[in-house]
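Those letters in the sequence shown? Residues 1 to 251, by the working numbering.
Calculated directly from the structure, the hints in this document are not laboratory data.
It is possible that part of the hints are untrue.
[What the hints assert, rightly or not] Derived DEER-like restraints, expressed as beta-carbon distance ranges:
1. Glu211 <-> Lys51: 21 to 31 Å
2. Lys90 <-> Lys156: 11 to 21 Å
3. Pro165 <-> Lys248: 23 to 33 Å
4. Asp187 <-> Lys83: 42 to 52 Å
[Stated by the list, open to error] Derived lysine to aspartate or glutamate pairs resembling EDC-like cross-links, with alpha carbons at most 16 Å apart:
5. Lys51 <-> Asp131
6. Lys162 <-> Asp206
7. Lys174 <-> Asp215
8. Lys162 <-> Asp209
9. Lys68 <-> Glu49
10. Lys43 <-> Glu85
11. Lys172 <-> Asp206
12. Lys156 <-> Asp131
13. Lys162 <-> Asp187
14. Lys118 <-> Asp131
15. Lys188 <-> Asp206
16. Lys43 <-> Glu61
17. Lys96 <-> Glu49
18. Lys96 <-> Asp111
19. Lys90 <-> Glu49
All residues carry an ideal CB built from backbone N, CA and C; glycine is no exception.
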Amino acid sequence: MRNKSLILKIFIIAAVIIAVGYLLTAFVFFSGNKNKGVCNSVKVNILDENKINILDKNSVEIFISKSKNNPVNKQISTLQTEKLENELLKNYPAIKSVECYITNSKMMFVDIVQREPKFRVMTGAENYYVDSEGKTFSSATNSSSYVPVISGNVTKTFATEKLPPLINFIEKNKFWNAQIEQIYVTDKQDIELVPRVGGAIILFGDLTDIEKKFDKLQTLYSEGFSVIGWNRYKTIDLRFKNQVVCTKNDE
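Whenever a hint applies, use it, and build me the whole structure from the sequences.
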């Protein structure tokens, strides 16, 4: 019995050694093989394209084909993928991260993750998105995905530093996220909100006491408009402490 047990242990150890040796040999072979020869093509993958539609894949592929860092028909061993990654990040601010790598089929894959827009600034002179990190970028597509639209007197400093708390509050509240369609910034940098339902413009004022102002507005919506209707007023003014001042429509 002892001899059989010893033989079994030896057999198991030998099998493990052979398997490990095979895996190491295969790894060295395929790794070496992958780095030999010429890159034959590039494939761009936008990993979150089903969720975000900001980048145009064809545009990126054309850009790479014209780049001095285009890997096609170049020796794989000489390629420096980080140079192409940095070039893409520099020329496409909508890219949050990118990874380039070569496969055993001699193809370079370019995997891209897009920045996720939180809101869009649209004025007469500018049209860009702002993400959760305060980064601004333009869209290379005709994206129709919904984000709040900001118009009026909007500087980039105001958009990236002042507006995010308001946008974050609206986004986290299911009711207001569905109700607020557009945000207008006046010359004095006061805020006016345009709702989806009802014709009244909401005079929000400055960006202080955001939660308190929405609490007052919520009370008006739930206790007032449910009785008198949505279309009776043309303005709803939240700028006064502890009260809401409404202006009636002209009759």
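Do the hints match the structure? See the list:
Distance hint check for Glu211 and Lys51: the Cβ-Cβ separation is about 29 Å, which falls inside the suggested range of 21 to 31 Å. Evaluation of the 11 to 21 Å hint for Lys90 and Lys156 yields a pass: the beta carbon distance comes to about 19 Å. Checking the proposed 23 to 33 Å range against Pro165 and Lys248 shows it holds: the Cβ atoms sit about 32 Å from each other. In this structure, Asp187 and Lys83 meet the distance hint of 42 to 52 Å, their C-beta atoms being roughly 46 Å apart.
At most 16 Å may separate the alpha-carbon atoms for a hinted pair to count; Lys51 and Asp131 meet this at roughly 14 Å. This hinted pair checks out: Lys162 and Asp206 have alpha carbons roughly 10 Å apart, not beyond 16 Å. Straight-line distance between C-alpha atoms of Lys174 and Asp215 comes to about 14 Å, which keeps the hinted pair within the 16 Å bound. At roughly 13 Å between alpha-carbon atoms, Lys162 and Asp209 fall within 16 Å of each other, so this suggested pair holds.
Taken as a hint, the Lys68 and Glu49 pair is broken in the structure, with Cα atoms around 27 Å apart against an allowance of 16 Å. With a CA separation close to 14 Å, the supplied pair Lys43 and Glu85 stays within the 16 Å bound. For the given pair, Lys172 sits about 20 Å from Asp206 by alpha-carbon distance, which is inconsistent with the 16 Å threshold. With a C-alpha separation of about 13 Å, the suggested pairing of Lys156 with Asp131 holds against the 16 Å cut-off.
Taking the CA atoms of Lys162 and Asp187, the gap is near 15 Å; set against the 16 Å cutoff, the hint holds. Pair hint Lys118 plus Asp131 holds up; C-alpha atoms about 5 Å apart against a cutoff of 16 Å. Distance restraint check for Lys188 and Asp206: the Cα-Cα separation of roughly 9 Å lies within the 16 Å cut-off, and the hinted pair is therefore satisfied. Proximity of Lys43 to Glu61 is assessed by CA-CA distance (about 8 Å); at most 16 Å being required, the pair is judged to hold.
Straight-line distance between C-alpha atoms of Lys96 and Glu49 comes to about 13 Å, which keeps the hinted pair within the 16 Å bound. For a cut-off of 16 Å, the pair hint linking Lys96 to Asp111 stands: about 11 Å separates their Cα positions. Pair hint Lys90 plus Glu49 does not hold up; C-alpha atoms about 20 Å apart against a cutoff of 16 Å.
Checked against the numbered hints listed earlier, the structure breaks hints 9, 11 and 19; every other hint is satisfied.
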